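With chain Y held as given, fit chain F onto it using these hints.
Protein sequence lines, in the order shown, are assigned to chains Y and F.
Note that the first sequence ends on residue 575 in this note's numbering; no numbers are left out.
Note that the second sequence ends on residue 575 in this note's numbering; no numbers are left out.
Hints are supplied without guarantee of correctness; some may be wrong.
One copy or any two copies: either way a pair holds, since identical chains are not told apart in the list.
Claimed, not checked - Mimicking DSS-like on lysine-lysine, the simulated pairs with C-alpha atoms at most 27 Å apart in a straight line are:
#, residue 1, residue 2
1, 467, 457
2, 230, 191
3, 106, 191
4, 571, 304
5, 397, 448
6, 103, 457
7, 429, 534
8, 204, 534
9, 103, 467
10, 398, 424
11, 397, 45
12, 103, 413
13, 448, 383
14, 90, 534
15, 73, 168
Everything labelled a hint here was simulated from the structure, so no lab data went into it.
Keep in mind the model is a prediction, meaning the values are calculated, not measured.
There are 2 protein chains.
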Amino acid sequence: MSEPVPQETQSVPPAVQVTTAPAPTQAGEGETPAGPSKGELKKRAKEAEKAKKAAERAAREEEERKKREAKEAEDHAKQNYGKLPLHQSQERNHRKFLKFAELSPESVGQRVVFRARMHNSRAQGAKIVFLAFRQQTHTLQGVLVVSGEKDENQVSKQMLKYSQLIPSESIVLVEGVIKSAEVKSCTITNYEVGIHKLFTAVEVGELPFSIDDASRAEADFEKAEKDENLQYSRVALPTRLDNRVMDLRTPTNQAIFRIQSAVGQLFRDYLNSQGFIEIHSPKLQGAATESGASVFKVQYFNGTAFLAQSPQLAKQMAIAGDFERVYEIGPVFRAEDSNTHRHMTEFMGLDLEMAFEEHYHEVLEVLDEMLKNIFKGLQSKFQHEIEVIKKQFPHEDFLFLDETLKLPFKEGIKMLKEAGAKGSDGEELGELDDLSTENEKFLGRLVREKYKTDYFILDKFPLAIRPFYTMPDPTDSTLSNSYDFFMRGEEILSGAQRVHDPVFLAERMKSVGIDPASMTGYLDAFKLGAPPHAGGGIGLERVVMLFLKLGNIRRASLFPRDPKRLNP
Amino acid sequence: MSEPVPQETQSVPPAVQVTTAPAPTQAGEGETPAGPSKGELKKRAKEAEKAKKAAERAAREEEERKKREAKEAEDHAKQNYGKLPLHQSQERNHRKFLKFAELSPESVGQRVVFRARMHNSRAQGAKIVFLAFRQQTHTLQGVLVVSGEKDENQVSKQMLKYSQLIPSESIVLVEGVIKSAEVKSCTITNYEVGIHKLFTAVEVGELPFSIDDASRAEADFEKAEKDENLQYSRVALPTRLDNRVMDLRTPTNQAIFRIQSAVGQLFRDYLNSQGFIEIHSPKLQGAATESGASVFKVQYFNGTAFLAQSPQLAKQMAIAGDFERVYEIGPVFRAEDSNTHRHMTEFMGLDLEMAFEEHYHEVLEVLDEMLKNIFKGLQSKFQHEIEVIKKQFPHEDFLFLDETLKLPFKEGIKMLKEAGAKGSDGEELGELDDLSTENEKFLGRLVREKYKTDYFILDKFPLAIRPFYTMPDPTDSTLSNSYDFFMRGEEILSGAQRVHDPVFLAERMKSVGIDPASMTGYLDAFKLGAPPHAGGGIGLERVVMLFLKLGNIRRASLFPRDPKRLNP
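Chain Y on its own, in the form it takes in the complex (with noise of 0.2 Å):
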């Protein structure tokens, strides 16, 4: 059995190489047929002498390392990082917590707490890592640097691994200071925060896509397809719809909802300086209002019930009622078994009728200054929004003009015509015809070139092709009293003086083969006398998606429902 060295490299326990140190051994004991000499016994001695002090200096450095490391290991950050308990909330301290948009130049060198979601995090060596943390449309890049000092702000190495692996999209709390920057990485760019403090408040799990995925425009896949190195995943339409509170998180639909938000605003606020009260009309009807077809039938107690098509009746009712100027934004059911890019079975309708005095065009030039005030002040007042969208769906700007081009359903049928538009059966485009889709696109394409503008309203519609509640025109009754008004080729505004008297609304109702008993409710209405009036309803969804050209409507719709999605 060969001695022990002192290994100082190795990592045994010193006190257990001191318990295996050898011990003299036992003299006369058993077969010791030729005992040590002198010479070797002092030299023995020497060895285990020198053994001895081996070992007990090893000893004493293992122990300094020890205590040196365990010093190390302290961590003196415990308090500046962790996962939070669930927020009951337990205390409120009344601080102000920290929006990235309102960052300033006067947030610089000041001490700051915000909410946001961990958006990513980037380690640079072992003692920096740069995190990405995102409220809506802005991200603000963090720092988190291992520090020397042992004071209340101390990030230790501890809490740097720990940042690093708290899940994307987990909400954290985070402690710091803005100071100016250069940032490439984040939407805001000038300034950055250096991490104090930085706690989970709730963490998140295993995500169906990433928001930057989710947030790509078409061009860069495109381009990822010719870059190996670009390891992009398309996210396709019914994969966000599935998901769609993560896909509701990217800066685009951040943006959508806001605009969205902002045209009703902008619809209410122009209506309400024109003397319009808002009407909230029942969507349970007891009889299925426009069109039996589309119609969706309630169970109501023991009998049916249908949810409005549209709040047509209701709006000419307030009317009668003597409201005078009405507005109503509300739902707008269709079983329509559409499935296209501009349909849905409910969405939102900005409707609006109104008495007016000498001629329908009073009502007509009061929905376009409402459209124009939207448009105005989407452009005014959200281009931040605007240009955030621009980076996934890319589109010029929404052109209109000062005086919007009022152009009579005769003339759109002649351009369209002189450009070598047929109908949609191939014939010859007659004046009296309906417009098809694609004549409506392409008559927006000749009215963009020819006006320089994306927006305008044909009016004087063929009389056959309107409801039966329009107002024949005055002089040819081949005409009416009614109106489309159009966004990039598509109409999103359709409307007409109605036709108030009753015994002439029982004519035009037989003459498209309704039988007025079926609507002795509508009917009574104007025997009780409704000033002459007209109005329009607009759908919400598509004035966003084509003010912003996201080239489906289900984008501009928070959760869209069609004759296939009923969920989430």
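Coordinates of chain F only, in the frame set by chain Y:
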């Protein structure tokens, strides 16, 4: 055959009299035994002459009378009155039409044109008619006086007669001159219009009831019961609702729905100022959202959909989708067979949801400020409407404090017990018992007495009586971070901090007997990470009903829906 005698009083035409005047008898013909004597002949000739003169005089007088009558019958005012043809927007003169609400001292002496309802008319002698014209909440006196001058402003007797025959509620077009006046029978008491032109634009037939009867206060009917000179007809609520278009024209209803509109505006104005955005969530749901019992089923193509009972899940998903602060104004559907003064199957929900930083009281305070903003806005800008409504529904102005009373639930129970209130079972009220409608009202009276307010907040409701998604109190697990707001002793807002942790949420579901698997879509939203959040929902019609003390929620709904009413 006796000779004709000229009769001046007789109306036989003179021409006939003349041709039947006796001719001299022919002599020398046939049997003439004895010819007349000379004297006789002379006498006869004299008489004939006399008769001729009389006839001539009569003819002359008759002619003069006819001339005189024709002159009198000539209607120089024909162009100033009559029934207009159907208004088909025939022409446009860009005249400005008067709104009664805009009358001011500057109006005096001005020639105006306006459209109004014919409210009533009252003749004074043969040459004057007083008419009352109505525009919404205002009536203006019109005076029609037969004029001597034959100018373009002439008012003829025929015109006077015509004005009296225009049926009430017809829509008239009036031209005239505004004069200072003292008027008792109209709402506008310091002006009247001297009428020059009066046309009927829309003639109205039989009415279900009169606006005056529909506008009277209960006290008027009580007075009429004791006074046989007062012939008032009570108009019952169902009659009003069956003829809602007519009913809506009362000044009271004109005012109620202006206030209803204002509540929505004030709600939005405050929340917009606090960084909220408006969302629109689908009313068609793939699954029953809250309670399966009170949900309406919809036939959705070949499957079934459900009408949203609240936007609860959608607005929470919007928070998980990073919108931070959202609100929605939309219909809420409840298939509850409740026929009470405060239940409808469809009503307008004003809902909001908000991520908070430290404490759910941040949200409670936003809700409180929002409601106070509504109360203040109504009392400062809609005093005219409130006064109009008070005439039919007398009430004390709504009382609220600058600093809203926030009462812990336990404190409320204590106040009730001290005042002798019992539970709905007649037993002692327990600290964790739910409040019956009666006890809510009782507490409202106690609070009003002690704190002089019609508006207060109950906070910290027992956990057991709140929905599963309510966050428990951090220190007392029998309580919760939830609250109700009250107006005049009735709950108008219910809300809470929500459970945002998916694991805890699933636990809470199980503890109340809900299978988490039945709500995976909802749970999934929280697995993707939602910040701590709280919110609440208000019933628009309840706020209007209670603020104005209308006594029945149907009076605050344009076209109310209940288990027995789906029309109009």
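A quick look at each hint next to the structure:
1. For the identical chains of this complex, residue 467 and residue 457 are intra-copy neighbours only, at 21 Å inside a copy versus 66 Å across copies, given an alpha-carbon limit of 27 Å.
2. In this assembly of identical chains, residue 230 and residue 191 lie within 27 Å of each other by CA distance solely inside one copy; the values are 20 Å within and 81 Å between copies.
3. Taking the shortest alpha-carbon separations for residue 106 and residue 191, only the intra-copy value of 20 Å comes in at or below 27 Å, while the best inter-copy value is 60 Å.
4. When the C-alpha separation of residue 571 and residue 304 is checked against a cutoff of 27 Å, the pair qualifies both within a copy, at 17 Å, and between copies, at 17 Å.
5. In this assembly of identical chains, residue 397 and residue 448 lie within 27 Å of each other by CA distance solely inside one copy; the values are 22 Å within and 55 Å between copies.
6. For the homomeric pair residue 103 and residue 457, neither the shortest alpha-carbon distance inside one copy (54 Å) nor that between copies (35 Å) is at most 27 Å.
7. Taking CA atoms no more than 27 Å apart as the test, residue 429 paired with residue 534 passes in neither setting, with 44 Å inside one copy and 54 Å between copies.
8. For the identical chains of this complex, residue 204 and residue 534 are inter-copy neighbours only, at 25 Å across copies versus 72 Å inside a copy, given an alpha-carbon limit of 27 Å.
9. For a Cα distance limit of 27 Å, the shortest separation of residue 103 from residue 467 across copies, 25 Å, qualifies, whereas the shortest one inside one copy, 58 Å, does not.
10. When the C-alpha separation of residue 398 and residue 424 is checked against a cutoff of 27 Å, the pair qualifies neither within a copy, at 38 Å, nor between copies, at 63 Å.
11. Taking CA atoms no more than 27 Å apart as the test, residue 397 paired with residue 45 passes in neither setting, with 97 Å inside one copy and 127 Å between copies.
12. Taking identical chains as interchangeable, the C-alpha atoms of residue 103 and residue 413 lie at most 27 Å apart only when they sit on different chains, with a minimum of 23 Å there against 52 Å within one chain.
13. For a Cα distance limit of 27 Å, the shortest separation of residue 448 from residue 383 inside one copy, 23 Å, qualifies, whereas the shortest one across copies, 49 Å, does not.
14. Proximity of residue 90 to residue 534 under the C-alpha cut-off of 27 Å is restricted to the inter-copy arrangement: shortest distance 16 Å between copies versus 69 Å within a copy.
15. For a Cα distance limit of 27 Å, the shortest separation of residue 73 from residue 168 inside one copy, 22 Å, qualifies, whereas the shortest one across copies, 117 Å, does not.
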